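Residue numbers (the numbering used here), protein chains in the order written: chain A, 2 to 149; chain B, 2 to 113; chain C, 74 to 425.
Be aware that a few hints might be false.
Said to hold, decoys possible - In silico EDC-like cross-links for lysine to aspartate or glutamate, where the CA-CA straight-line distance does not exceed 16 Å: (1) A:56 <-> A:138; (2) A:43 <-> C:189; (3) C:97 <-> B:95; (4) C:282 <-> C:149; (5) C:96 <-> B:52; (6) C:96 <-> B:51; (7) B:87 <-> C:189.
Claimed, not checked - Ranges of calculated distance between the beta carbons of each label pair, as one might list FRET restraints: (8) C:242 <-> B:57: 14 to 22 Å; (9) A:59 <-> C:148: 41 to 49 Å; (10) C:264 <-> A:21: 55 to 63 Å.
To be verified - To give an idea of the interface, some chain C residues facing chain B are shown, with a C-beta separation under 7 Å as derived from the structure: (11) 236; (12) 239; (13) 306; (14) 309; (15) 313; (16) 324; (17) 335; (18) 339; (19) 343.
For the record, the hints were derived by calculation from the structure and aren't laboratory data. Remember, it's a predicted structure, so these values are computed and weren't measured experimentally. Where a beta carbon is used, it is the ideal one built from N, C-alpha and C, also for glycine.
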Amino acid sequence: MKLPYSMFSRRSFLNGLLAGLGTALAGTFIGPVIRFVFPPYKEPDEVRLAFVDYKDMKPGEIKGFAWGIKPGFLKLQENGAYLPLVGVCSHLDCNVAYLPDQKRFFCACHDGWYDENGLAIKGPPPAPLRRLAAAVEGEEIIIRKAQG
Amino acid sequence: MRTTCLRIIAAVLLLAAGLPFAVQAQTDVPSASQRPQVRKAPEKPEVRTEEIHPSPRNLRERSAIIVFIIWLWGSIAALLAVLRLKIREVDRVEEFEHISRPDAPPKEPPVR
Amino acid sequence: MTKLAAWFEERLGLSAIAKFGAKKEVPRHKHTIWYYTGSAILVFLMIQIVTGIMLAFYYRPTLEGANESIARIMTELPMGWIVRSIHSWSATFMIAILFVHLLSIALTKAYRSPREVTWMTGFLLLVVALAFGFTGYLLPWDDLSLAATKVGTDIPRAIPVVGAWATKFLRAGDDVTGDTLTRFFILHVSVLPLAIFLLLGVHFFLIQKHGMSLPLEAETRKKRLRSIPFWPNFVFREAAVWLVLLGVLLTVAILFAPSLGPSADLMAPAPTGIKPEWYFLFLFQTLKLFPAKVWFIPGETIAVFLIGIGALAFFLLPLIDNRPAEKKGRMASAFVLAVIVYALAMSAWSLL
Chain A
2 MKLPYSMFSR RSFLNGLLAG LGTALAGTFI GPVIRFVFPP YKEPDEVRLA FVDYKDMKPG
62 EIKGFAWGIK PGFLKLQENG AYLPLVGVCS HLDCNVAYLP DQKRFFCACH DGWYDENGLA
122 IKGPPPAPLR RLAAAVEGEE IIIRKAQG
Chain B
2 MRTTCLRIIA AVLLLAAGLP FAVQAQTDVP SASQRPQVRK APEKPEVRTE EIHPSPRNLR
62 ERSAIIVFII WLWGSIAALL AVLRLKIREV DRVEEFEHIS RPDAPPKEPP VR
Chain C
74 MTKLAAWFEE RLGLSAIAKF GAKKEVPRHK HTIWYYTGSA ILVFLMIQIV TGIMLAFYYR
134 PTLEGANESI ARIMTELPMG WIVRSIHSWS ATFMIAILFV HLLSIALTKA YRSPREVTWM
194 TGFLLLVVAL AFGFTGYLLP WDDLSLAATK VGTDIPRAIP VVGAWATKFL RAGDDVTGDT
254 LTRFFILHVS VLPLAIFLLL GVHFFLIQKH GMSLPLEAET RKKRLRSIPF WPNFVFREAA
314 VWLVLLGVLL TVAILFAPSL GPSADLMAPA PTGIKPEWYF LFLFQTLKLF PAKVWFIPGE
374 TIAVFLIGIG ALAFFLLPLI DNRPAEKKGR MASAFVLAVI VYALAMSAWS LL
């Protein structure tokens, strides 16, 4: 079906083409620039701890370890399994402290409290402390991200 | 005489344009054998002793580079074609404006 | 005009700029091609600013962190090596086109009255650009850049009276240390950008004020010249040039990305084959020409003195060449040509 007249002028067609191609070329650079300026921070896939440092723990005791650049807490549970927790408050990302005499985690930023298993019990935190998975392999305890 | 001089200068400058490339190629790689032994500080276990050469690690990256360069020049060529048409158009418009005002004095840049 | 545009117009009055731009004309003659060099320099400057900021986000200007941070940029950050490569190559391109710009203006004598101050600000801009290159070269803190900086900051010492003080200022002390690095970093990202913006502002204002210069023949033969409007005709032509330059820059940056040596060791002997960046080669070679002592004056002092005279002659060229159409003008052109030949010959020699 041939149109009796052109839908747009030659000038506007050229302008559109120029603007479109120009934007496309410019657009290709925006992606890499953004990726460069917002680099992905990768958490470690796994952290290996020397078992020697943790073998003297009593059931119910909690000891700290480094999960990348974040603090981690390793709890030896009653049944002998290890429970690793990420010591970052689920409210606004402050590092929490463990108070052994009260057997609770305390976040100083906004008065948040977690029990010894990381469940939020008082204050603003909306969720429990993040859990990881621990496995003892030979001379090491290997901490990984929890599956599922 | 003067134009010949200028043409010779232009040719020399074009050849001189190769200078930065020659220097880059030369300064890039002092190989490990030429370098004197670097004394490693014993406390820092991670002191790097080799040069870092940014180069593609596998076929995928090499192909990505070639594809990008082809795409880049392709889109530049397309843009240049459109620009050429656009320049012709604005030149035409300007000429018509000129013609449509035959009584107005011809536009002359200020001679200083 | 829309209501919003009218609101801004009443308060800022920016349409005056648009009106000026609409009237600006670019004369067409056999030397019109050199008019493209100015905006080309600006394009590379913009690229330098953007890539420079991106690199500065991750660069650490300390003795311990500098080399490592660049290694991190090149290996860990996405596209980091490309950003660094573009920054490095764009510096080369910018200074190359700067030289072309300078020489085209010198040889077409566009510096003649009333554009003398434009020329002088332009010359100072060249000095600032070279200072950018010099300060930037130290920042990776590898063996080559450390050696180049030691040599480069030693040269001012040859100037009598103020020399030692100048070297101490540049080095932040008597030797090149971590303090030198931090000082060069601040010069590179703060002081020199301020200088370049101030100088560019004046340079730009003067160019718009006086309009595009014409070749000598137009004045002497009173030839009537055609001209094209700056907007949109000339700008679209310039855009085509920018596109090609961008393509060449990206291609070269991706295919010939610079490497990074290990962190400099302040105790190690100087590596073999140290060379400054290509734009300093001819100065480097000139210094090598002079013997340690000529009579009782150190050779270096004479070399620095001669280079200083040459630079001053270039800076004051419009005042020296105040009769461009006559014999004096031809002698000035001969001087400029002689300097070009000298610089090229010295650069080539230093590579052998």
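Tested hints:
1. A:56 <-> A:138: Given that 16 Å is the threshold and the Cα spacing comes to 13 Å, the pair holds.
2. A:43 <-> C:189: At roughly 57 Å apart (the allowed maximum being 16 Å), residue 189 of chain C and residue 43 of chain A break the hint.
3. C:97 <-> B:95: Distance ~14 Å between residue 97 of chain C and residue 95 of chain B Cα, so the pair holds.
4. C:282 <-> C:149: Roughly 49 Å separates the two Cα atoms, so the pair is violated.
5. C:96 <-> B:52: At roughly 54 Å apart (the allowed maximum being 16 Å), residue 52 of chain B and residue 96 of chain C break the hint.
6. C:96 <-> B:51: Given that 16 Å is the threshold and the Cα spacing comes to 58 Å, the pair is violated.
7. B:87 <-> C:189: violated, 36 Å
8. C:242 <-> B:57: 14 to 22 Å: Because 44 Å falls outside the window, the suggested range is violated.
9. A:59 <-> C:148: 41 to 49 Å: Check passed, 44 Å falls within 41 to 49 Å.
10. C:264 <-> A:21: 55 to 63 Å: Violated, at about 42 Å.
11. 236: violated, 28 Å
12. 239: violated, 27 Å
13. 306: This interface hint holds because 5 Å falls under the 7 Å limit.
14. 309: holds, 5 Å
15. 313: holds, 5 Å
16. 324: holds, 6 Å
17. 335: Since chain B brings a Cβ to about 5 Å from residue 335 of chain C, closer than 7 Å, the hint holds.
18. 339: Violated - the Cβ of residue 339 of chain C stays beyond 7 Å from chain B, reaching only about 11 Å at its closest.
19. 343: Since chain B brings no Cβ nearer than about 9 Å to residue 343 of chain C, farther than 7 Å, the hint is violated.
Hint compliance for this structure: hints 2, 4, 5, 6, 7, 8, 10, 11, 12, 18 and 19 are broken, all remaining hints hold.
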